[in-house]
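Just so we're aligned, residue 1 is where the sequence shown starts under the working numbering, counting upward by one.
Hints were generated in silico from the structure; no laboratory data involved. Idealized CB from N, CA, C, for every residue including glycine. Hints may be right or wrong, so weigh each one.
What the hints assert, rightly or not - Cut-off 20 Å, straight-line C-alpha distance, at most; resulting in silico cross-link-like pairs (DMTMM-like, lysine to aspartate or glutamate): (1) Lys209 x Glu150; (2) Lys161 x Asp131; (3) Lys86 x Glu99; (4) Lys56 x Glu99; (5) Lys47 x Glu226.
What the hints assert, rightly or not - Label pairs and their calculated CB-CB ranges: (6) Ile102 x Met133: 48 to 56 Å; (7) Ser222 x Glu116: 44 to 52 Å; (8) Thr58 x Glu163: 35 to 43 Å.
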Amino acid sequence: MLKQALTYNTICMLILIAAVHLNAAERVDNVSIACSANFTDTLKKLKVEYEKTGAKVTCVFGATGMLYGQIINGAAYDLFLAADEKRPAMLFDKNLALEPKIYAKGTAVLWSMKKELKRLPTWEDVLVSSDLMHLGISNPKTAPYGATAEASLRAAGLYSKVESKIAFGKSVGTAFQYGYTGVADATFIALSQALSEKGMHGKYWGIPKSAKINQAACVIRSGNVEGAQKFLEWIEGKEARSILRRYGYE
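Using the sequences provided together with the hints, build the complete structure.
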């Protein structure tokens, strides 16, 4: 009887240990990501592929500056995929994150679904057209793609010509919606959005002399560090890089 009791207790203990290990594995694999709006469609595709490994990915999308504000105020994220290098570096300086690394290089473009504008050959032609009544740009103070758009307009001497037509969106995702729904006749977005399923309904124009936008990621110290690092390592792999290239990232 004693032997049977010991055997039963041993089995129960082994089951308990296995359950603890399984839960620990689940916690390591799961990752919560704060992601810049320009990377929305790309991350959604990456999420589908990554979750085939059994991991779970939770995503929150928004302007880089807004997400940064949430993180410094204690939001429970494991990984920050920003649209610039500045905010991840600031989190690192505050000892809230591990050292940042570049995960993608993006491109800002001008995009429109308006047929009168789609016939025009260059972005300058679009911006001086009488058919352009409203121009979408994401908030330059919080959205790096908006900051790049504003800088490009000023460098080309076009900002004063369109300033009265600008409709600012809180993120580049909002700016895209302005163009897609017709709130804006043209809008500055990320190339990745122009190459998305919805984006293919419009036309985009490159911005000459516009620099690539370095997008940095950082692991949040208070979050699931191991899970976040695993995801970042996976992004460097062949399968993930193929997805990034498909959406116009380097």
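Hint compliance check: list the failing hint numbers for this structure, sorted ascending. 4 and 6
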